[in-house]
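J.: Sequence:
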Amino acid sequence: MKKYLPKEIESKWQKTWEEEELYSFDVNDKTSRGKYYTLVELPYPSGDLHIGHWFSFVTPDILSRFKRMSGNNVFFPHGFDAFGLPAENAAIKRKIHPQDWTMKNIETMTNQFKTMGTMIDWNYVTITCLPEYYRWNQWIFLKMYEKGLAYRGKTLSNWCETDQTVLANENIENGKCWRCGNEVVQKEVAQWFLKITEYADRLIWPENPGASPERSRRVDWPMSVRVGQNNWIGKKAGINITYKIKGTNETITCFTTRPDTNFGATFIVLAPEQTFVKSILNKNSEVKAYVEKAEKKSELDRMAEGRKKTGVFTGYYAINNLNGREMSIWVSDFVLAGFGTGAVVGVPGHDLRDFEFATQFGIDIIRVVVGKDGDTSAITDKKQVQEKEGTMINSDFLNDLDIHEATKKVMEYIEKKGWGKKTVTYHIRDWSISRQRYWGTPVPMIHCQKCGIVPVPEKDLPIELPYEVDFTPKGKPPLASNEEWVKTTCPKCSGPATRDAETLDTFFDSSWYFYRYVNPGYTNGPFDTQKVKKLLPVDIYFGGAEHTLGHTLYARFFTKFFKDLGLIDFEEFASKRIQHGVVLGPDGNRMSKSKGNVVNPDDMVSQYGADVVRMYLCFMMPYEAIGPWSTEAIEGMYRFINRVWYLYQNIDKSIKPDKKDLFFMHKTIKKVEQDIPEVKTNTAIAGMMEWLNYLSRKEKISEEEYKTFLTILAPFAPHMTEELWRSEMKEKESIHLQPWPQVEEKYLTEDEVNIPVQVNGKVRGVITVSSADLSQDTVVKKATEDEKVKKYLEGKDFKVVYVQGKILNLIVK
RNA sequence: GCCGGGGUGGUGGAAUGGCAGACACGCAGGACUUAAAAUCCUGUGAUAGCAAUAUCGUGAGGGUUCGACUCCCUCCCUCGGCACCA
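Read in order, the letters of the first sequence are residues 1 to 813 in the working numbering.
There's no promise every hint is true.
Straight line, CA to CA, 20 angstroms or less: simulated SDA-like cross-link-like pairs of lysine to any residue [what the hints assert, rightly or not]:
#	residue 1	residue 2
1	Lys782	Glu745
2	Lys492	Pro457
3	Lys3	Glu21
4	Lys450	Thr488
Because the hints were derived from the structure by calculation, they are not lab data.
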């Protein structure tokens, strides 16, 4: 038999498959088979394919191939998330235009992707930086503007000095920019926002997805994503209580979720940016100095201070309606202007942060006794409170209630008295989408001196990104430097006007690409609604855990918006979400050029072949895990593939599989077909290895066994199985068009079964009994006759616990 | 601090109430070879023993159960997310 030479056979079959259009997807498929849409997050064209790309794409490919063999019309498209800062930064550094750099990378990476041997249909490719794609970004933006969901706002924003652009909250990691890692500062900038807050309630996952009646389909997303997104949305029900400021006509409103603790409120703290604070700046120099200092503090400065509280007394008092107490009013930067009302009522007996502030400034500490447990979920350490000689007061009318009821009752009481109003707050903010950079979708808006902001008429789309632009960062958008492009006429009054020179956050692009995938050339709208109806929702969406709060949340938001536009009729775009892990370098660290621990997939492919690399990536650890690449362990996979290859020589066409052979064969088919949909390729491969070990121990094997082995191995190792199937075994039709072998349950029952026998829960022997008679009497009889077991029974009486055909436990007193 | 995931041999990991450590790597011994590589065979949780075998063993402690890596309670460690969020 010829040698196993992966290099030769892999490129040969990749070429043949392309010529034969083996993987071409037909959306108009007339057969009755079901559709299956496999989606993997579209990669950024960074330049070179990383082993991480292989890791995240191979398992989806195996699943897709398996689904196809199991009789589904499988859609497995591809694309590139081609806009974004790295292109611009690389271009500045290397003096290449971002577009040229990006398109070249896409070409390189596409060729590298093809060496993986996936069943991706390369006729369906979406590239987000092309006008045919981003014109529909602009279209969607205009629709959102029309519906009041896109608006121009001027607020304190996250600003990255290095990248000279605004960042969304989701793009900040520990106060630093997610791209460059440099400090993010707060800056007042006018920019475009999307009102994702309007969809906050609909974006909240039901506690038990699938149970909610308005969701007709079962939605299976990881708990970490559902809980993470719900926390990020951060819906809280509470009450806004308004307090009179003594000696003025003014009031202060504070939000709280626990008004029952207000009996113990002793002070109020305002954010430096709060309106009442602004009104007294000129009356109080101490407050003024504090506010000015606070404004200069960056996120990092605040973090460096830790929990140490700073603050200043305003000289004013507010009246607590519940007990008539006068509460001193303070200013402190621990109160956030952007959350709630920018004012907090201090309850130091029940809140650790308030306790710290009260201790720092010598404010009274009161502990409230409410409810049948005599306390309201005290946060502060009791001893500490007593040391501060705090007063204990009793709110008599709440004595028989639990905390939850007490909160509710006080809330109603305050509202009835007219002191406050029930309200709901959210942690999620509107999504800032303006970027002051070049390489992105131009915002389709026009600024007219007379008419103000005017949307570009739909017929004028796309507003193309000009090629000639000075894109070195200068603090204003690079597009503004191209006067010819910026100058335009107002669509309303035809007077002189300028184009909006900002570009859209690239997360806008990736929020809807999977709709575009079904017909990337579609020209009558952002996507082909007929085809979308056939293929979506996505059946399984593979991607990274880092997209929990950004991309996947945005994509869900867009989906709900499209539903409201009547373009689609479902709430969730992906029925199932699986998040891949990370392949670390052989030294256990994250791969990086500077550490010199990068595993280059091209090198691995030329050394072992794509099939071995594919299978090793599936076998090394579970898909969701994080772990190091092993230069030794991959050798084991090379051995496995070679053993399968040369096992071909052991075929004896004259023999038929016996009962035991068939048992092993069907057991393995079952194992593999159960594991693949659960994304457990590591154990599926282990199952095939066991079967191979069994087959290798035999002198000769039947053709049926070998062919079945190749068939179930085909999704994992598509090239070598095809070579054996077509070149060696002279089969006409590709192995990848074969149906998945049927599991015959009748072969899975064994003549004899081994039953472990326990005495007092410890295994003392194993008996073999005929599966024809597994009755308790027979098994117990056989067990008591067993020499090893007998020793432990010593003729004593025993109780029997028997699980039919599985285990026998004898309990001796 | 809150939320979520983990903790099993020398290593990656199997087992979701029923023989813990499948499968693989590594290691040790053997076969083949003048020799090496490759390949094949055998062994490989710890302790005691020549051995049969026994005892211990899934982060720690308790509990439920005939039986617990698996379920419950308390705690420790670790990774990830959020965070002066009122």
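J.: Compare the structure with each hint and give your call.
T.: Consistency of the hints with the structure:
1. Lys782 x Glu745: With Cα atoms ~28 angstroms apart, Lys782 and Glu745 exceed 20 angstroms; violated.
2. Lys492 x Pro457: holds (10 angstroms)
3. Lys3 x Glu21: Distance ~28 angstroms between Lys3 and Glu21 Cα, so the pair is violated.
4. Lys450 x Thr488: Holds - the C-alpha atoms of Thr488 and Lys450 are around 14 angstroms apart, at most 20 angstroms.
Consistency with the previously given hints fails for numbers 1 and 3, ordered from lowest to highest.
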